[in-house]
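Fit chain B to the known structure of chain A by using the hints.
Residues per chain are reported as follows:
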Amino acid sequence: GENVEQHPSTLSVQEGDSAVIKCTYSDSASNYFPWYKQELGKRPQLIIDIRSNVGEKKDQRIAVTLNKTAKHFSLHITETQPEDSAVYFCAASSTGNQFYFGTGTSLTVIP
Amino acid sequence: GAVVSQHPSWVICKSGTSVKIECRSLDFQATTMFWYRQFPKQSLMLMATSNEGSKATYEQGVEKDKFLINHASLTLSTLTVTSAHPEDSSFYICSANRLASSYEQYFGPGTRLTVT
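Going line by line, the protein sequences match chains A and B. Per our numbering, numbering through the first sequence is continuous, rising by one, with the last residue being 180. Per our numbering, numbering through the second sequence is continuous, rising by one, with the last residue being 263.
Just chain B, same shape as in the assembly:
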């Protein structure tokens, strides 16, 4: 149990366009979902934390108007990269908490975004 999926796994888009990435918890309800960004051979950088039905909490330095997060249900969170630029190219990973009392995170497989 505790499977998290992401879609798409890989996407290429042109500069100026927007891309939506979905994160789903397949077999559990996620009280909290997290979005991370990972550069090659680097660590995971927390971008934002989202709870179902409320606004996401963004980390310092992350532009909320550029990285729109919607946590529409207990099993789905989306990250939309708006007006994408080449510097937005990265590996985006989501994770989810299964229970409010548990700190355990379950990671999605990640989405490779390339902006040309």
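So here's chain A without its partners, still in its complex pose:
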């Protein structure tokens, strides 16, 4: 089955700086890679996703890059704000019927 690894597990940045979270996956058949933000005690919320036919996708301050050859994808958050503080999860899926999540990154944005 798919194995998704995520780094780092914790990340602290100063407000206004950029944050980068990286994930690797093992199954070359995976073709959909979403990123979720989960605030304490709340449900995960999809913040951005990318499919394997695209190398990069951007939505305002958030971007995701995908390297299919190397089997890794990254989340980039620019101009971080305190409200960006949360746990971020990456995931991978090949069929849309099974999703495998990374271990999560706890991001703290220091005002």
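A couple of the hints might just be wrong.
Only pairs whose alpha carbons sit at most 27 Å apart, straight line, appear in this in silico DSS-like list of lysine-lysine [as the list claims (entries may be wrong)]:
#1 Lys111/A to Lys213/B
#2 Lys140/A to Lys127/A
#3 Lys188/B to Lys106/A
#4 Lys106/A to Lys127/A
#5 Lys161/B to Lys188/B
#6 Lys111/A to Lys91/A
#7 Lys188/B to Lys91/A
#8 Lys111/A to Lys188/B
#9 Lys161/B to Lys213/B
#10 Lys91/A to Lys126/A
#11 Lys161/B to Lys111/A
#12 Lys106/A to Lys137/A
#13 Lys91/A to Lys127/A
#14 Lys213/B to Lys167/B
#15 Lys140/A to Lys188/B
#16 Lys111/A to Lys167/B
#17 Lys111/A to Lys137/A
Here are some chain B residues the structure puts well away from chain A; computed CB gaps all over 10 Å [claimed, not checked]:
#18 Val158
#19 Ile159
#20 Glu199
#21 Glu210
#22 Ala219
#23 Phe254
For each label pair, taking beta carbons as the anchor points, the in silico distance ranges come out as [stated by the list, open to error]:
#24 Lys211/B to Gly124/A: 23 to 31 Å
#25 Ile179/A to Glu206/B: 46 to 54 Å
#26 Ser236/B to Thr138/A: 41 to 49 Å
Hint data in this document are derived by calculation from the structure and do not stem from the laboratory. Bear in mind the structure is a predicted one, so any value in this text is a computation, not a measurement. For every residue, glycine included, the Cβ atom is placed at its ideal position computed from N, Cα and C.
Then chain B, alone, in the frame of chain A:
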């Protein structure tokens, strides 16, 4: 749109009893629903995938006789934890796909289960 609810949000039960958790898609028909388990400060672990009218597909290591999943309609899936033990205490989250062609998942708010 694409709202998923779960009920109850929090439940305490005694060892040996069974608990049913409901997952509903409120404003769309869910072709597929997923059940996850999340331990404190840990990731979501996929337990099973269910499609309406068919048996759930369980992930390796998940006991199907202990975690009974019923996907009775396109808007409702239930997870029943049978003969609960303290080690079953966890946060259970469901999610749903809105369209067969879409991979997007919409998560429920989760259910906190405590087994005493």
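How the hints compare with the structure:
This hinted pair checks out: Lys111/A and Lys213/B have alpha carbons roughly 26 Å apart, not beyond 27 Å. Distance restraint check for Lys140/A and Lys127/A: the Cα-Cα separation of roughly 19 Å lies within the 27 Å cut-off, and the hinted pair is therefore satisfied. Proposed proximity of Lys188/B and Lys106/A is supported: the alpha carbons are some 13 Å apart, at most 27 Å. About 16 Å separates the Cα atoms of Lys106/A and Lys127/A, which keeps this hinted pair within 27 Å; it holds.
Taking the CA atoms of Lys161/B and Lys188/B, the gap is near 25 Å; set against the 27 Å cutoff, the hint holds. Proposed proximity of Lys111/A and Lys91/A is supported: the alpha carbons are some 23 Å apart, at most 27 Å. Taking the CA atoms of Lys188/B and Lys91/A, the gap is about 18 Å. The hint holds against a cut of 27 Å. A distance of roughly 12 Å separates the Cα atoms of Lys111/A and Lys188/B; the hinted pair therefore holds under the 27 Å criterion.
Of the supplied pair hints, the one linking Lys161/B and Lys213/B holds, its CA atoms being roughly 15 Å apart against a limit of 27 Å. Only pairs whose Cα atoms come within 27 Å are accepted, and Lys91/A paired with Lys126/A is accepted, the gap being roughly 15 Å. Under the criterion of a C-alpha separation no larger than 27 Å, the hint pairing Lys161/B with Lys111/A is consistent with the structure, at around 25 Å. Between Lys106/A and Lys137/A the CA atoms are separated by roughly 23 Å; this keeps the pair inside 27 Å, and the hint holds.
In summary, the hint linking Lys91/A to Lys127/A is supported, as the alpha carbons are separated by about 16 Å, within the 27 Å threshold. For the hint pairing Lys213/B with Lys167/B, the CA-to-CA distance comes to about 12 Å; that is within 27 Å, so the pair holds. Distance check on the hinted pair: Lys140/A and Lys188/B sit about 26 Å apart at the alpha-carbon level, within 27 Å; holds. Using a Cα cut-off of 27 Å, the hinted pair Lys111/A and Lys167/B holds, with the two alpha carbons roughly 20 Å apart.
Among the hinted pairs, Lys111/A with Lys137/A is inconsistent with the structure: their alpha-carbon atoms are about 31 Å apart, more than 27 Å. Interface exclusion of Val158/B from chain A stands, the closest Cβ pair being 16 Å apart, more than 10 Å. With a cut of 10 Å on Cβ distances, Ile159/B stays outside the contact zone with chain A, its closest approach being about 17 Å. Every C-beta of chain A lies more than 10 Å from that of Glu199/B, the closest at about 13 Å, which supports listing it as non-interface.
The beta carbon of Glu210/B is kept farther than 10 Å from every beta carbon of chain A, the shortest such distance being approximately 18 Å. Every beta carbon of chain A lies more than 10 Å from that of Ala219/B, the smallest distance being close to 19 Å; the non-interface claim holds. Under the 10 Å C-beta cut-off, the non-interface status given to Phe254/B relative to chain A is violated; the minimum distance is some 4 Å. Hint check: Lys211/B to Gly124/A, Cβ distance near 40 Å, so the stated range 23 to 31 Å is violated.
Taken as a hint, the range 46 to 54 Å is violated for the pair Ile179/A and Glu206/B, whose Cβ atoms sit roughly 38 Å apart. Between Ser236/B and Thr138/A the CB atoms are about 42 Å apart, so this pair conforms to the stated range of 41 to 49 Å.
The structure shown violates the earlier hints numbered 17, 23, 24, 25.
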